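Chemist: One-letter residues, chain by chain:
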Amino acid sequence: MALSLSKQAVLSKIVRFVLLVIIVFIFFLPIVSMVVTSLKSMSELYRVPPVVFPRQPQWNNYIQAWTMISYERFFFNSVVIAVFFTVPCIMGSCFTGYGFSRFRVKGRNAIFMVMLSTMMIPYMVTMVPLYLIISKTGLIDKRALWILFGIQGLPFLIFLFRQYFSTIPFSFEESARIDGANRFQIFFRIMFPLVQTAVIIAAIFAFQWSWSNYLLPVLFLRGEKVTLAVKLATGYVDQKQNILHNIGMAGIVYYTLPIVIVFFALQRRFISGLLSGGLKG
Amino acid sequence: MSRIRSTSTIARERRISFFIFISPWIFGFLAFQVVPIVFGLTTSLTNQMAFTVQRKFVGLANYVKLLSDPEARYSFLTTFIFTLSHTCLAVLTGLIIALLLEKELPGRGIFRTILYFPYMIPLIAVGWIFRIFLDRDTGFFNIFLMKIGLIESNIAWIGQYTRGSIVSLGIWMSGWSMIIFLGGLSTISDELHESARIDGAGYFSRLFRITLPLLSPFAFFQFVTSNIYAMQKFIEPYILHPKQQRGGQLTQQRPPRETFFVMTRAYDTVFNRNQYALGLALLWLLFVVILIITIVFIKLGGFVVYSETEERG
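Protein chains in written order, with numbering that gives the first Met the number 0: chain A, 0 to 280; chain B, 0 to 312.
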């Protein structure tokens with residue numbers, strides 16, 4: 000009986016492993032397709048029957064993808080916007096999450112529910128009128144707007160910080176209060192360092208959000224200031240306005256790379272942090 | 000007396016601190032949500048266009064116009080079909096992957112990371128990757144299906160199944176769903192499975208009697224949030240456009256009827272046709288629809304979702 004049980008366990012492991020390998024393989028196909036396409040020559044791009052692997056990898060596409068649109072400018076724009084957004088977003092979410100977790104105040108839960116239900120508001124319902132308002136005030140084309148967008152935090156991150164703070168016992172703060180520290184000293188010296196994992200998760204989320212966001216930059220930025228999301232959405236074109244898919248894919252590879260690096264560098268803490276802290280409430 | 004005063008000052012201090020700490024959110028809520036929403040709602044009741052000088056109050060005329068326009072109604076229908084298929088398939092994929100990853104397995108962490116990863120890729124990038132991947136003649140998807148013998152001739156996925164090809168993006172990005180289910184699975188105690196196993200329950204009877212009921216709150220949470228997000232798809236139809244695009248602004252070429260989702264239509268109405276009021280009215284209609292669907296869902300959820308407290312009480 001015991002033997003057959005362990006045999007069963009081994010068998011189930013093998014079956015699950017094989018199924019997962021198949022799924023991973025299928026999930027990888029679009030990525031492979033992206034990389035391979037970025038290395039094709041123009042004539043290989045549309046050849047029928049299709050060319051699976053380019054005969055000669057066209058590394059030149061990667062140079063073209065950079066120089067054709069002065070990539071560094073838009074890359075820089077995206078980085079600036081992401082930093083302008085991410086830092087205030089972490090602070091705002093952390094502050095608000097702390098507030099919701101720590102102060103037993105009348106009406107707190109009602110306000111928290113309002114905060115969560117703002118997730119239901121379609122973003123265009125707020126963003127399109129906001130654009131109409133801001134375009135009148137002349138604040139258009141100002142990167143500083145992203146600091147303001149960031150400060151309010153993201154509902155999910157506020158929720159996450161609240162979860163993390165509520166796992167910290169009250170006694171931590173009480174002893175500091177007896178020593179005469181005020182609320183902000185307690186927050187910055189004691190509480191903030193204790194939620195490092197949540198800060199990492201928030202940083203990745205906020206950075207990813209701003210890096211991939213299309214609507215805000217397309218509404219609020221113009222010409223030279225637009226981000227990669229806006230620039231790459233249109234694709235690369237030649238003089239006859241034909242879309243150059245191979246160079247476009249090379250541009251997309253550059254665009255995805257920072258996320259890949261950040262994600263894989265921090266993935267262990269990111270995923271286990273999400274699993275342990277964020278989702279159990 | 001002094002004691003009462005001191006507790007009330009503590010309470011007041013606490014209330015003030017509370018509002019100071021949540022003030023970043025309150026600021027954003029007022030400036031970026033309440034004000035634009037009120038402005039949008041009032042504008043939707045006027046005849047405002049891009050260059051309207053004499054703004055006039057027209058009541059619900061814009062809403063009546065939209066509700067009596069079969070094309071606008073079709074936008075809602077196709078958005079609804081998309082949302083339903085997107086949510087079901089993405090949640091199901093996440094569930095299956097999470098169940099496969101549930102217990103000890105060599106390389107479990109690596110699988111988890113890799114399968115989560117597509118969720119991190121920016122949407123614009125995913126859109127372009129799939130535009131190439133699903134291409135009729137040169138796309139890897141058709142090549143793959145031919146190789147394993149599932150299809151015999153190339154299929155124009157984006158041309159024939161435009162809506163379906165946008166759903167496929169959601170399936171690929173189901174890593175979020177997987178993580179939520181994994182979090183859910185970790186709350187189920189091993190003893191429950193162990194005792195059921197001793198009683199002779201096989202894998203599938205344990206799956207349907209224990210695991211899935213206990214996961215239902217997590218599935219429910221995803222249904223609610225995923226529906227809300229899916230109904231707001233706007234940029235994908237422009238990228239996965241059946242016609243070969245030309246350069247210029249991406250949002251100039253209107254997507255086909257099947258993927259002219261409500262958000263896409265609203266964006267087109269406001270920015271390409273300059274009909275501000277009409278577009279804002281459309282957004283408001285979508286808002287109301289989302290609200291109703293979410294409330295209905297939460298009400299229905301009470302019947303479907305397994306809850307321990309109910310069982311005990």
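The set of hints was computed from the structure by calculation and includes no laboratory data. Model, not experiment: these values are computed from the prediction. Be aware that one or more of the hints could be misleading.
Below, simulated DSS-like cross-link-like pairs (lysine-lysine); rule was C-alpha separation at most 25 Å, straight line [what the hints assert, rightly or not]:
hint	chain 1	residue 1	chain 2	residue 2
1	B	242	A	239
2	A	6	B	102
3	A	135	B	55
Chemist: I'd like to know which numbered hints this structure contradicts. Please list them from smallest to largest.
Modeler: As far as the earlier hints go, not one is violated by this structure.
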